[in-house]
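Participant: Modelling step: build the complete structure from the supplied sequences, incorporating the hints.
Respectively, the protein sequence lines represent chains A and B. Residues 10 to 339, numbered by this note's numbering, are exactly what the first sequence covers, in order. Residues 94 to 174, numbered by this note's numbering, are exactly what the second sequence covers, in order.
Some clues are possibly wrong.
As the list claims (entries may be wrong) - Cut-off 30 Å, straight-line C-alpha distance, at most; resulting in silico cross-link-like pairs (DSS-like, lysine-lysine):
#1 LYS143/B to LYS282/A
#2 LYS143/B to LYS96/B
#3 LYS166/B to LYS96/B
#4 LYS252/A to LYS143/B
#5 LYS162/B to LYS151/B
#6 LYS282/A to LYS148/B
As the list claims (entries may be wrong) - Across the chosen pairs, the derived CB separations fall in these ranges:
#7 ASN213/A to GLU111/B: 42 to 48 Å
#8 PRO279/A to GLU111/B: 25 to 31 Å
#9 MET94/B to PRO279/A: 37 to 43 Å
#10 ARG44/A to ASN95/B: 31 to 37 Å
Hints are computed from structural coordinates only; laboratory data are not their basis. Beta carbons are placed, not taken as given, at the ideal position from N, Cα and C, and that holds for glycine.
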Amino acid sequence: MSKDKYGVTIKAIEYCLPKTYEDNDMLSIENPEWRMEDIFNKTGINKRWISDENETSVDLAYVAAKKVIDKFDAEKIDTLLYVTQSPEYFLPSSSCILQDRLSLSSNIKAFDINLGCSGYIYGLSMASAYIESGLSENVLLVCSDTYTKYISPDDRTNRPIFSDAASATLVSKSISKNIGYFSFGTDGSGFDKLIVKEGAAKSNFKVSGVQPVLHMNGAEVFMFTMSNIPDNVEKVLLKSTNKTNEIDYFFFHQASKIVLENLSRKLELPQEKVYSCIEEIGNTVSSSIPIALKIASDSGLLKNNNKLLLSGFGVGLSWGSCIIEWDALL
Amino acid sequence: MNKIIKNDLFNLIATALELPNGSIDDNSSGDNVDAWDSLGHLSILVLLDKRVDGKASKISDLAVATSVKKISKILIDEGMM
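Facilitator: The structure is reproduced here in structure tokens:
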């Protein structure tokens, strides 16, 4: 068996937002006591995308993945990684349902990854590892979540932030190695800082209210981010022997404006190098980085061979960063 | 980094909450200052972190310290006040 490693590149990215959105004016009318201007100043978010009552993460994922498959020979996809925290069922894996709906080959590895805002980086690392080891040639990395279904209408902390969305990234074998280095972190002591408590084993699979509810301690998650992510970014830079000024753009998880601004401050990054599309998209959890990459690519901002630093962080608590070299998308 | 004195902290919190100087004192907290809600507390954390050269973000207890007394105690314990 050859021990040569294969190169890996991102070949395509597509995404899907639900048809329905709500903007801050709509929230303001519904909740006149919410100071939407103050909220906007912190979140930087004006628009959030809301899935329909019967629309699942797999429905959104199907649309995003189909856009990729329409540009590529679906028969060549040998691995399907599905990052979600809004599965259709406890079992089976939503990846199996998606494999069938997309009519992908049955000669395929497919499994779910239960991660949130760090999920894209973990998914990229797994896709890279599979390809570099020779176990895969074309990995479809799909991220999809419908967090809005966990958020009650009167939740002033979470409702102005989270959007539903799906993204699909085709990661393929290539001559050059465009993905890596990686650096990861986990701190489960903060598991309850961002959590949906009910509905699973700890509540005997019961839900006391109408639906499971997302709880987030915004200040604690913010402090975790400011404490850990700059160090993690420094670590991946050190591993790659890149200096900060050699990175063309930084794509952080699109958590909120206050998070992006303060990560920039702590890392002393010029504002024009820190990409943000949060105002019109919202926080789409694991899809926020691929959606940002796709929008930046479509706008002409990204050029071949640009060095990009990606960093995802949140629920878990979990985080990861990596450096990629950009190549034109399909 | 210069140590924070009490008045600095009062003014810092007032600035973060967009209140006039003099409106925060030793007894102020999230329970009796309207602007000191979850968003206001984020603003306090950001200004505090800037004031102590990025050292505040390493102190996770500040995230739940929603009163002048609690913040002061943490800053004193950490040698910042």
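Participant: With reference to the structure, classify each hint as holding or not holding.
Facilitator: Here is how each hint holds up against the structure:
no. : hint                             : result
1   : LYS143/B to LYS282/A             : holds (21 Å)
2   : LYS143/B to LYS96/B              : holds (13 Å)
3   : LYS166/B to LYS96/B              : holds (14 Å)
4   : LYS252/A to LYS143/B             : holds (24 Å)
5   : LYS162/B to LYS151/B             : holds (19 Å)
6   : LYS282/A to LYS148/B             : holds (24 Å)
7   : ASN213/A to GLU111/B: 42 to 48 Å : holds (46 Å)
8   : PRO279/A to GLU111/B: 25 to 31 Å : holds (28 Å)
9   : MET94/B to PRO279/A: 37 to 43 Å  : violated (25 Å)
10  : ARG44/A to ASN95/B: 31 to 37 Å   : holds (33 Å)
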